[in-house]
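Using the sequences plus the hints, can you model the full thing?
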Amino acid sequence: SQKIEQNSEALNIQEGKTATLTCNYTNYSPAYLQWYRQDPGRGPVFLLLIRENEKEKRKERLKVTFDTTLKQSLFHITASQPADSATYLCALRNQAGTALIFGKGTTLSVSS
Amino acid sequence: DGGITQSPKYLFRKEGQNVTLSCEQNLNHDAMYWYRQDPGQGLRLIYYSQIVNDFQKGDIAEGYSVSREKKESFPLTVTSAQKNPTAFYLCAIKDRGPGYTFGSGTRLTVV
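Line by line, the protein sequences are chains A and B.
Using this note's numbering, you'd call the opening residue of the first sequence number 1 and step up by one each time.
Using this note's numbering, you'd call the opening residue of the second sequence number 1 and step up by one each time.
Please keep in mind that the hints were generated in silico from the structure rather than gathered at the bench.
For every residue, glycine included, the Cβ atom is placed at its ideal position computed from N, Cα and C.
You may find that some hints are simply not true.
To be clear about the criterion: a stretch of chain A counts as covered by chain B if any three or more of its residues have a C-beta under 8 angstroms from a C-beta of chain B, and this derived list gives those stretches [what the hints assert, rightly or not]:
(1) 54 to 63
(2) 96 to 108
Restricting the straight-line Cα-Cα distance to at most 30 angstroms, the calculated cross-link-like pairs of lysine-lysine (BS3-like) are [claimed, not checked]:
(3) K104(A) to K9(B)
(4) K104(A) to K14(B)
(5) K94(B) to K3(A)
(6) K70(B) to K94(B)
If you want it as structure tokens, here you go:
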């Protein structure tokens, strides 16, 4: 069955550094992958979508890469700020194409 | 939350009781979803509905039921058959854009 792994539960970095989060998936070849941000006690908020034919996508300080050979997406936040502290989730469509399945998330803490 | 409303924000359930969580949207979208979130478990799909009067089981549907009588409403009932209902429940709609829009969630606690 499909499996999504975000291999760090927590990541702590200093302000101004680049945060890199990893999302790996198995038993599936998704047409696209999505990243969400979730703050404590709130619902996830959509950030970016990257398609299988796109190697890289950027939005302000965010950059996402998608390597379909490695079955991996990397999510980068450059010049990180304490306000970037949150849990970041990656998501793929299920094999039936009817709903998203989510990784467990990586909680990023940016210290000043 | 972009036109999707979940209520209540906090809900307490006694053992053996059924409770119903509300999810309403005013964006005229067809597809709606219910997810459950436990600490360290990420989001797991309970039920989804792609059109009125139709819904499908997700990965963890046992102990839950839903209805979709109106396009704008997709209530979730947590039945007494759900043995471990304490969790954060999230409702979502499929945007016209690329992502999902989530409600603010209902935190259910068994007392």
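Going through the hints against the structure:
1. 54 to 63: As far as the stretch 54 to 63 of chain A goes, the hint is violated, because 0 residues have Cβ atoms under 8 angstroms from chain B.
2. 96 to 108: holds (count 8)
3. K104(A) to K9(B): holds, 22 angstroms
4. K104(A) to K14(B): The given pair, whose Cα atoms are some 29 angstroms apart, holds under the 30 angstroms limit.
5. K94(B) to K3(A): holds, 22 angstroms
6. K70(B) to K94(B): Distance of about 16 angstroms is within 30 angstroms: holds.
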